[in-house]
Amino acid sequence: DAGITQSPRHKVTETGTPVTLRCHQTENHRYMYWYRQDPGHGLRLIHYSYGVKDTDKGEVSDGYSVSRSKTEDFLLTLESATSSQTSVYFCAISDPGTVNTEAFFGQGTRLTVV
Amino acid sequence: QQQVKQSPQSLIVQKGGISIINCAYENTAFDYFPWYQQFPGKGPALLIAIRPDVSEKKEGRFTISFNKSAKQFSLHIMDSQPGDSATYFCAARGNSGGSNYKLTFGKGTLLTVNP
Numbered sequence: 001d002a003g004i005t006q007s008p009r010h011k012v013t014e015t016g017t018p019v020t021l022r023c024h025q026t027e028n029h030r031y032m033y034w035y036r037q038d039p040g041h042g043l044r045l046i047h048y049s050y051g052v053k054d055t056d057k058g059e060v061s062d063g064y065s066v067s068r069s070k071t072e073d074f075l076l077t078l079e080s081a082t083s084s085q086t087s088v089y090f091c092a093i094s095d096p097g098t099v100n101t102e103a104f105f106g107q108g109t110r111l112t113v114v
Numbered sequence: 115q116q117q118v119k120q121s122p123q124s125l126i127v128q129k130g131g132i133s134i135i136n137c138a139y140e141n142t143a144f145d146y147f148p149w150y151q152q153f154p155g156k157g158p159a160l161l162i163a164i165r166p167d168v169s170e171k172k173e174g175r176f177t178i179s180f181n182k183s184a185k186q187f188s189l190h191i192m193d194s195q196p197g198d199s200a201t202y203f204c205a206a207r208g209n210s211g212g213s214n215y216k217l218t219f220g221k222g223t224l225l226t227v228n229p
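So the sequences go chain by chain: A and B. Quick note: the first sequence uses this note's numbering, first residue 1, plus one each step. Quick note: the second sequence uses this note's numbering, first residue 115, plus one each step.
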């Protein structure tokens, strides 16, 4: 398995509180992604990063921010959690343009906002 | 705007049958088309992928058929087995770096293979 660790794996939080999810990789891949998975919507890209401090928005970025201060870590922050952000969050890594073009996914973080 | 459309949403097949899942894309800049398999409680894992310079790619019981002019591609699972029961996602990605390297997914197909 690719070296991707998501933490926490499960979290319950209250509406209005800030939440940070962490993705850690040991593969030295350039690209890191945050997706959310919801029934009927598949996997939707929230934000992605193509290098340290280089990030960009995906299709569902409202209410989320990200940071990447080191190659191996990509943090997703919900500034003020809402019930609509209850979801399963997946981190993925890839190194496009190399032999490591495949995207590898972490095990996911199940977030519940009550 | 949904850039990758996947059908059907769900599929029930008998053991030994053929499972077919279809996807269509809009962005002609896409040049890498993977299929992912996801079991409950797990992250998606790459199953098979194709680039548009070939019309078909086969790996074991899994085959991707690709029609560049129609902007369509499909996954065929031959001799489907109960262990193939999972959710399958098609995806597409561009090739020119930056934002084009993000994977865009279809909404997924829940495959059930009955014994």
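Don't take each hint at face value.
Keeping only pairs whose Cα atoms sit at most 27 Å apart, straight-line, the calculated DSSO-like set for lysine-lysine is [claimed, not checked]:
| no. | chain 1 | residue 1 | chain 2 | residue 2 |
| --- | --- | --- | --- | --- |
| 1 | B | K129 | B | K185 |
| 2 | B | K172 | B | K129 |
| 3 | B | K185 | B | K171 |
| 4 | B | K119 | B | K171 |
| 5 | B | K172 | B | K156 |
| 6 | A | K57 | B | K119 |
| 7 | B | K182 | B | K129 |
| 8 | B | K171 | A | K57 |
| 9 | B | K156 | B | K182 |
| 10 | A | K57 | B | K185 |
| 11 | B | K156 | B | K171 |
| 12 | A | K57 | A | K70 |
| 13 | A | K70 | B | K172 |
| 14 | A | K53 | A | K70 |
| 15 | A | K11 | B | K182 |
Please keep in mind that the hints were generated in silico from the structure rather than gathered at the bench.
Hint-by-hint comparison with the structure:
1. K129/B to K185/B: Answer violated: K129/B to K185/B is near 30 Å, above 27 Å.
2. K172/B to K129/B: With a Cα-Cα distance of about 20 Å, the restraint between K172/B and K129/B holds, given a limit of 27 Å.
3. K185/B to K171/B: Given pair K185/B, K171/B holds - Cα atoms ~16 Å apart, limit 27 Å.
4. K119/B to K171/B: Since the Cα atoms of K119/B and K171/B sit roughly 21 Å apart, the hinted pair holds (cutoff 27 Å).
5. K172/B to K156/B: holds, 25 Å
6. K57/A to K119/B: holds, 21 Å
7. K182/B to K129/B: violated, 31 Å
8. K171/B to K57/A: violated, 33 Å
9. K156/B to K182/B: The hint is violated at about 32 Å.
10. K57/A to K185/B: The hint holds at about 26 Å.
11. K156/B to K171/B: holds, 26 Å
12. K57/A to K70/A: Within the cut-off at roughly 19 Å; holds.
13. K70/A to K172/B: violated, 38 Å
14. K53/A to K70/A: At roughly 8 Å apart (the allowed maximum being 27 Å), K70/A and K53/A satisfy the hint.
15. K11/A to K182/B: This hinted pair is violated, its Cα atoms lying about 43 Å apart.
Going through the hint list in order, the structure does not satisfy hints 1, 7, 8, 9, 13, 15.
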